[in-house]
Amino acid sequence: MKPNNAVTPVQLAVTIISTIIGVSILGIPNFVTEKVGTAAPLSSVLGVLMGGFGILAITLLGRRFPKQTLIGYNQEILGKKIGNFFSIIVILFFLTLMGVETRHFAEVIVGSLLPNTPISIAIFFMIFLCASVSFLSVSTFVYIHFFYLPFIIIPLLIILLPSIQNVTYYHLLPITGHDVSIRMLFSGGMNVTQAVSNFMVIAMLIPFMKNPQKCVKSGLWGYAIGSLFFIITITIALAVFGAEEMKHLLWPTLGLGKMVRIPGDVLSRVDAILLIAWIFAVFTTLFSYYFLYVRGVAELMRSSRYRLIAFLGFPFVFMVASLPQDIYEVYYYVLEVTLVGLIITIIYPVLLFILSIIRRQRGITE
Amino acid sequence: MKKLGMLTIFLISPLFLSACWDSYELEERANILGLAVDLGDMNEIDEIPKVTHIEGETPASVEDTIYKVTAQIAVPGKIKLGPEGGTGEGSEKTAWVLETYGHTMKDALANMQQQLAEKLYLGHLQIIVVSEDIAKQGIIDISDYLRRDIEVRRTAWMIISEGDAHSILKVAPPIETVPALYLAETLNNAVRFGKLPEEYLGKFWINLSDIGVDAILPIVKPINNDRIFVSGLSYFKEEKMAGTMLPLEIGAYLAMIGEAKGGYSFMVSLDDAVYILNSQKRSSVIQVDLQNGTPTAAIDIHIDSELDEEINDGRLDEKKIKEIEKEANAFLEKDVLLNLIKRLQDDQSDILGIGARIRAEYSDYWKREVKTTEQWKKIYKEMNIKVNIHTQIRRTGMEWD
Amino acid sequence: MSPIFKKSPTNKEGERFVPNSSIIQKAQTVYFTPNIKYNFELFTSILQKDADFLSKKFKVFGETPAVLICLKSLVDMEKIERDIIKQLQNKKHPDNSHTPITTYIMEDVLYYTAVETVKNLAAGIESLLAGKALVFIEGIEQAMALDVYTQEKRSIEQSETERVVRGPRDGFIESLQTNVALLRYRLPVPEFRVEQREVGTRTKTKIAICYLDDIVNPELLEEVRSRIDKIVIDRILDAGYIEHYIQDDVTSPFPQVQNSERPDRVVGNLLEGRVSILVDGSPFALIVPAIFVQFYQTSEDYNERWIITSAIRIIRLAALVFSLTFSSFYVTVLSFHPELIPATFVVAASSGRQGVPFPVVIEVLIMEIAMEILREATVRMPQQVGGALSIVGVLVVGQAAVQAGFVSPITVVIMALSTIGSFATPSYNVATAFRVLRFILIILAGTFGLLGLAVGIMLVLNHMLSLRSFGVPYMAPFSPGNYQELKDSFMRFPIQWTKERPKHLQPQDKKRVDNRKYNKRSGGEGNNET
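Those sequence lines, one after another, are chains A, B and C. First residue of the first sequence: 1, per the numbering used here; consecutive thereafter. First residue of the second sequence: 367, per the numbering used here; consecutive thereafter. First residue of the third sequence: 768, per the numbering used here; consecutive thereafter.
Chain A with its partners taken away, still in its complex shape (with noise of 0.2 Å):
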């Protein structure tokens, strides 16, 4: 019989979207607005596909290698040592953008909920959370994910749904930006990618599938959807605040928020309700880094002491997390890591993929 804990390919890309929308779903509309105007909606959609590459190549590797996680593969393509070196790299690279995601997300709740309170709280708490979760079992980060995705989706929407009685066409014509040039308008797309591209967790998890075949097809869509909601949020975002107020605007998906009207004024704010959904959405994006690290970090060391791994991993992202000194300097540092992470998010798989394909090199299948 089955065991009824191997992960579904619905879970799969259920997994993928809600760790796509993360932190950034509330500040990318400016970083994007800010290089390209009104070709926003465009841009993102370019940036979206350039994403797809990293998500196809890491399920088509998952298909070739289906008894295997990353780790796993990693050895067999690259040979042990040099295999388990990238390894190393790629879980540094995570804890490092959980650091500097959790900044982040203590910033925003800084920023616009507690002024008062240190910033070390929200830190401490969202790290706290992540590593308190019981990693011993694949199913229960699938089912985590699996249930918070509605929380995330459904406040986003009913942000996003009112907003659209706000939007004003000529905010967003003409959809090719004043004065945009090819390289702008990638250049922006790739604030996307850089948002949507953290997806790389589904590799430790293709090999827990019932059927790791599965798995390309599942990917795409929720990549698909994933990044969707990332479009739209632009789309909505601009057509709502045109490109000149937008970059006023720190975080204008919150300022959607702040605009929407509810009937019946039960929450005379509805933005509480977006930033509650949007801390669920931060910490199952900053458990999907986590998981990556201590399923990763064991399966390297060969242990399976998760808890103290998990613990292990707390001093060094409070470290990384509490090392910008202002608003400004959290930003470089998020747009500086996200686009390193670009070589080892997409770049790195791809790479992977051809050369398993050079070496005709395949997993263990049964």
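To be clear, the hints were calculated from the coordinates, so they are not data collected in a lab. If you're wondering where the values come from, they're calculated on a predicted model, not measured in any experiment. Backbone N, C-alpha and C define an ideal beta-carbon position, used for all residues, glycine too. Please note that a few of the clues may not be correct.
As the list claims (entries may be wrong) - Stretch-level coverage of chain A by chain B, calculated; a stretch enters the list once three of its residues show a Cβ under 8 Å from a Cβ in chain B:
| id | segment |
| --- | --- |
| 1 | 104-116 |
| 2 | 174-183 |
| 3 | 232-243 |
| 4 | 254-260 |
Claimed, not checked - Short, incomplete list of chain B residues facing chain C, as computed with Cβ under 7 Å:
| id | residue |
| --- | --- |
| 5 | Asp388 |
| 6 | Ser389 |
| 7 | Leu392 |
| 8 | Ala440 |
| 9 | Pro442 |
| 10 | Gly489 |
| 11 | His490 |
| 12 | Leu547 |
Starting from the known structure of chain A, fit chains B and C onto it as the hints suggest.
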């Protein structure tokens, strides 16, 4: 490990309880519901408190501006819960009106904070009244603080007062509520009745920022010291107030931007008879076009209306209705709309967003010919704007003739 | 990958050491002799102090001396007099018989089914304690043990904890035999199994593992058996003891085993593929595995119309969420983020708080604790006093506290809502879990505002999502999602539409009713008629 984690939470939480950094009870907050900003008179005040600055260290442009900021704070305990509560007084006692001076908004509010036991709290700010003088000088400086503050809602109203702004906040309706709430309610309902565009703070800022669009703000004046009268709409040129519209022109403006909810009534006279039509539903299409390198705009308006009153007339019939419609069209187009557009063009205030539409649809032209906003204002002033209006009377009320 | 239904492999296998009674141990080697006086004294030396020790001397067939001993608290005296002593005294021993006297008695004299012979003292004492009467006959070196066990039991009544408006009125009682009978009565199929075990080194409690042989997953059954066999304890006083030993996570506040007093509910669960454990002496049956949704469902749900039931279930779920989060949300909003609620309400609320000396957190905590005290007091009180107590409680806490300016009236309303919310949950144990967690949430919310509240809720949710009951995910139909099971979770679709058994239990027989089988049978009947 889990137990350890739980244990840490339990151990840490009592420590945290003693330091709830952001916890302010309701009675510890000075809940500002309304703000009024006037230009301060140098002669009236002897000195501005030095709370945020030291004399002579700030640029002269800031040093010379003095804002008089009036805040209306809800007094806790005055409005009782439940039906039997209340003291039977009007709204004069429910709010506390404070005045301070400062060189900037934050400066003034910092001065105010210096005088108060409670923490100033803008989370429920309903209404910001700005005096006409400031609006004519430019409104960006005031906006900046409100924009940065995390508590201010984008659904608050910003309004311009005829005369002193603080007099608006001193209006005290004989209803048991905080006056600012009543004022905000007046404006919100005006939107529901189709009397005002939904131009609250968030929208105002968007229009202020957009290239090729100018902003509008409602103008109010106090009546009898217990209510306000929405006396018109001010239109801006960039950040400066450029002129005002009459209430009927607000209706015309709403019709031009196609605000669906109709609300305004207008008189149509045919020979001796006078008819009052009430617009029920409005829709419009603003079409911009480029003809031989010069931009033109055509505004197509449909108004569904109801005949509410007729004076000095015998009978209504199909033919008469058509005549009234024709006359209404002529009246609205010639006497109201074209006049208004002419005035807007003269004042270089592009509140219909024609510039933004041209910029969106003919971005090449904009890039080539217009480039700057100043240039656009010049083009706009000379531009040909056509208006086409169709009024239809759908119903005539409960009377058959 | 770990096998399903198993506990996570962190548990150390408990070492098994069963301490035995020293008396029994010693008596193991003491054998009866033909001398009844000697035999009798063996017992009196041990049991002479016991008030319920009873002995009766009489003559078998009017000639051979004999003695009957028993513990009169356990036996049916009438049965002994009528069916044993009277028979033995009145019958005559046929002289021509060559059969030994005991065999003759057992085969011809007594028309009694439960008779056996015992030879040593240990067995004798154990049979006495099991409610048997021992008969010694002069000249015979063994005793006849006659089962005359009777037990005081109450009649079958409606269960107090799971009342229904519409549905069967019988509930389990303390007697295991009766409870099994109640199940058998509803399940007259040969696949229904009742496996008996004995747990508790001193109480020797009988427990029964009930399941349907062709539905239940064998792995699940094996896991249940092995967890029960691993129990090492001196006493089982109620089903709760078993529950503590077989649950997956001891540290969790959430119940992972369902209990019920209702036979119809147990049967319903057996038919889904679950296993039920009955414990002698407890009117509660345990049902495993249990998932979260079961705790806000009642057996009545299936009797009423589905639309109404669905609405009620949603209300129950909302009440549960309310009871967990409402008071902490109130704290957050009032002392951290008043901008979340309409301005008119804030103005009114601040009037209500006028003169209240404490911050909202403290105010709410005091009220919550007062509520808990009140609740605890009324639960334990006899009903007559309870009524008076709740009046005093309501007056003191509600009216006087507000008038004294001790708490604000809105706080009282919020408190009442969240407390009533927890009473709307059918399962007492889940409601209690949420009530306890509520305190943690209030403290978190009172310290860190919305962030603390969100973090608290996530800690609870993450815990619930990691929880397993016999390997089945606790939040089963929600996550991992299963459309078929969602039909009977926070909604209840018409029974005709829910044809499949819950997938997470992996039953052998996946369909409740197999359409093909059913059609074939009805078709066959049709043929017979023609």
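Taking the hints in turn, this is what the structure says about them:
Requiring three or more residues with a Cβ within less than 8 Å of a Cβ of chain B, the coverage given for the segment 104-116 of chain A holds, as 6 such residues are present. Under the rule that three or more residues need a Cβ within less than 8 Å of chain B, the assignment of the segment 174-183 of chain A holds, with 3 such residues. Interface restraint, the segment 232-243 of chain A with chain B: holds (3 residues with C-beta to C-beta distance below 8 Å; minimum three). With a threshold of 8 Å between beta carbons, the proposed coverage of the segment 254-260 of chain A by chain B holds, since 3 of its residues qualify and at least three are required.
For Asp388/B, the interface hint holds, since its Cβ comes within 7 Å of a Cβ in chain C; the closest pair sits about 6 Å apart. Annotation: Ser389/B was flagged as interfacial toward chain C, and the flag holds, the nearest CB pair being 5 Å apart, inside 7 Å. Taken as an interface hint, Leu392/B checks out: its beta carbon lies about 4 Å from the nearest beta carbon of chain C, inside 7 Å. Annotation: Ala440/B was flagged as interfacial toward chain C, and the flag holds, the nearest CB pair being 5 Å apart, inside 7 Å.
Restraint check, Pro442/B versus chain C: the minimum CB separation of about 4 Å is within 7 Å; hint holds. Given hint, Gly489/B at the interface with chain C, holds; its Cβ is 3 Å from that chain's nearest Cβ, closer than 7 Å. The interface hint given for His490/B holds, since its Cβ lies 4 Å from the closest Cβ of chain C, which is under the 7 Å cut-off. Residue-level restraint check for Leu547/B holds (minimum Cβ-Cβ distance to chain C is 6 Å; threshold 7 Å).
Violated hints for the displayed structure: none, as all numbered hints are satisfied.
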